[in-house]
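These protein sequences, in sequence, are chains A and B. According to UniProt numbering, the stretch in the first sequence is residues 1 to 223, in order. According to UniProt numbering, the stretch in the second sequence is residues 1 to 638, in order.
Calculated directly from the structure, the hints in this document are not laboratory data. In this text the structure is predicted, and so the values were computed from the model without any measurement. In this text, a Cβ means the ideal position worked out from N, Cα and C, and glycines have one as well. A few of these clues could be false.
Stated by the list, open to error - List of simulated lysine-lysine pairs, DSS-like, C-alpha gap at most 30 Å:
(1) K41/B x K160/A
(2) K178/A x K346/B
(3) K142/A x K41/B
(4) K61/B x K613/B
(5) K174/B x K160/A
(6) K158/A x K611/B
(7) K2/B x K142/A
(8) K103/A x K2/B
(9) K561/B x K622/B
(10) K310/B x K175/B
(11) K178/A x K25/B
(12) K41/B x K158/A
(13) K65/A x K363/B
(14) K2/B x K94/A
(15) K174/B x K301/B
(16) K25/B x K73/A
(17) K231/B x K186/B
(18) K41/B x K212/A
(19) K2/B x K107/A
(20) K619/B x K203/A
(21) K178/A x K611/B
(22) K120/B x K178/A
(23) K61/B x K203/A
(24) K175/B x K100/B
(25) K73/A x K22/A
(26) K191/B x K203/A
(27) K25/B x K94/A
(28) K158/A x K138/A
(29) K2/B x K45/A
(30) K231/B x K363/B
(31) K65/A x K24/B
(32) K301/B x K65/A
(33) K178/A x K61/B
(34) K14/B x K94/A
Said to hold, decoys possible - Short, incomplete list of chain A residues facing chain B, as computed with Cβ under 10 Å:
(35) G41
(36) F42
(37) A64
(38) V70
(39) Q74
(40) K103
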Amino acid sequence: MASKKEDLPEFWKTYEASFEKKLPEGIAETVFVVLDTETTGFSLKNDRMLSIGALRLINGSIPAKDAFEVFLKQTTFDAKTVEIHGILKKGKVKRIEELEGLKILLKLLENNAVIVAHHVGFDVGMINQALVRHGMPKLLNKTLDTAVLFNRSLPRAKRKTDGHYSLDVLCEEFNIPKTDRHTALGDAYITAIAFLRIMDTLKPVSLEQLLKRDRFWEFWKSF
Amino acid sequence: MKNTISERIADFLKAFPPFSNLFKKELESLSEEVTIIYKEKNSFVFTVDESAHHQFYVVHKGAIALWDKDEKTVLDICDEGDIFGLRPLMANENYRLTAKSEEETILYAIPIEKFRPYIKENRRVADFLVESFASNTRNPYDKTNRGQLLGDAFQSNSKNNTPLFDLQLVDFSKKIVSSTEQTSIKSIADKMTSHGIGAMLIEKEGLPIGIITDKDLRNKIATGDYSITAKAKSIMSSPVITYPTKLTITQAQMAMMKSNISHLVLTEDGTVHSKAVGILSKHDIMLSLGNNPAVLVKAIKRTNKAEEIKPLRNGVMNLLRGYLEQNIPLTLTSKIISELNDACIKRVVELSLERMDSGPPVKFAWLAMGSQGRSEQLLHTDQDNALLFEDVPDSKFDKTRDYFLKLARFITMGLNTIGYEYCPADMMGSNPKWCNSLSGFKKMTSKWITNPGPDEVLLSSIFFDYNRTYGDKELVSKLSHHIFDTVEQYPIFLTHLASGALMNPSPSGFFREFLVEQDGVHKDFFDLKQRALMPLVDAARVLILSKNIPDISNTWERYEKMAELEPSNRELFLACSYATKALLRFRTKQGLANNDSGRYINLEQLTKEEKMKLKRTFKTIKQIQEVLNVRFMVSRIR
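Input sequences plus hints: build the corresponding full structure.
And the structure:
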């Protein structure tokens, strides 16, 4: 389905061009984008994103201005997930076209930002499916998975082999209030705080080391 | 686009001045400019002489310490809702203090350029800032801090000088003994002696016209100035100083001081033209004030019925209130109050024994359990007690137990009369389960120790803090030794007990958030007993049992003993001892203020200092729980 390079939308080209910028060495200089997607289900093929929430995290700081949450117009709809996410198909929130949402997201992901998400393989997979549907390649960013990193931060004896922890487990572990749980930006914020807490434990010396610790998401990619 | 993050920021800020003075829309747009900053423990926000950032800070969660130039002393600690780092921005100068996170902290950084317009336009915002800079406090609206310099903010805290007893009305003797002007002094003296009173009222036509006191007899008769056959009229003080009956203790004291007299005559309308209804002596005031434990103990010993002890217990409560207000060390306070409570219980036991048809068939002991056993019960609470009696041959067991059950019923009834509620779980000596012989108790405790399930652990945690309030010492010590010996043989019991101690929910969450109750009648209240006190109490019990130290049932004394036994952990144990005392004082004060058990705390009613103090104890709780977890290998059984 890959299109010719010249057919790609402008915003993709800008996004791609910005990756000439090398990844920084230090954690403090790295731009992280913590994101979460709310979807109609767990199938990468059949389900769709309902909303995307993302925030920028640099050196322990989260500017509120850069945080966003978009709700996407739907063509397919699964009634089961409505209960969890509370986003009705024709709810009152203002919704935008999927392509428009991807444009806003890619803007934030420019310049080699590192994506952080909880079970990142799933979120990135959903985004990639959407990109492909709109005739674009997959995301170029490096990714980190808070579920994997959390597993890593535990004493060896306590680690799980499948590395599967729900975000609720992290909320409980770090006593993070669940006020905005199951909204895309709320979950992204919870993920960001959990990520910072995990980094406190792991204390990686460089970004490279941190990325190495996170290889588990390959497993998720295989879905 | 929706922004949950800036919405949450606005939600938080609106509770604190000066942001509370902004309009909703203003606050919303300001919140969009905020940067959320995470600081791990001991990291700097800014340091002395650093040039001012373009933003100032509000603590969202956690705590920031402001240090002086040399980083030697903490001048202030900012916690939730406190602003710092604003003054240098306003004055265009470099930072004069160093700001460092005391613990993991989340800050909201607000760009000064976005905030400046509100300072200019909003009078109340400007006033707040001017006032807070001038008074050198973070929050001038916080009355307890008003006018204090940064450095003092900690030591002294809300000293309110409400006169303690101002609302308490005097309790006077209503049985008036009076004579007439014509009565001879000798017969007046006889009458005073036989009634055991220090003053005689002289009445004429039903109205008070004079008074004769012990002092008059000494100054006017014993000196030989008047003969004992003289008439009352010749030596009485007249007219009498009268007051109305609705007199507070303070007013009465003032009146006595003003006229330098020791007795006040109380009349129906407060003047000499109405009937006398009572006489108030200095001694009465002493008793009402209850400022003398010795007087109370004497009074308790003199009682003949449980009903008479009850008002004396009120005196004990007044005493307690006074001690707490005057900041008398809690160790001393609790000693005195426990002594007095013990004296009350002892008297109840003695009175109950008098009600029995015969003396006790064998030696016995009355045990207080739970908080009372630990001498940590300052407020009235439920009674938890047991009766332990000497072993008797099987043939006599039933009869002996029946005797003691009857006695225990008298005792628990008496205790109820004087203000101890019956134990809802029926852990009382009047229950056959808790009225047993030495071997009976030995058997029961052995069973708990060798088969520790959750119920057994719970029972042990209540029972093992027993303390003898009445009866045979030897008997109790035999039981203690049995328990300690058995525990030594079954050390796994300690693991179970430690596990039980770790069951209590944690007091604080991430960033020191108080964890409040999620539902029930006490929703959103903080359970001080279960979340803060019990973890310390339970941990102390496990530790002291593991060291085989009987006879110390009080929690802070247990920790002090532990500090002595383990010099390497001295600091932690002393911190635990301190934390227990601080929490108990806190609970007692809350209980007295709200007239309840002080268990559930409404966080909104606390001052910032009180919250800080509470939170500081949480750290200690966390540490001691970690010690327990590791030392007794709790994970083994989980």
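Honestly, which of those hints from before does the structure not fit?
2, 5, 6, 13, 22, 24, 25, 26, 28, 30, 32, 35, 36, 39 and 40
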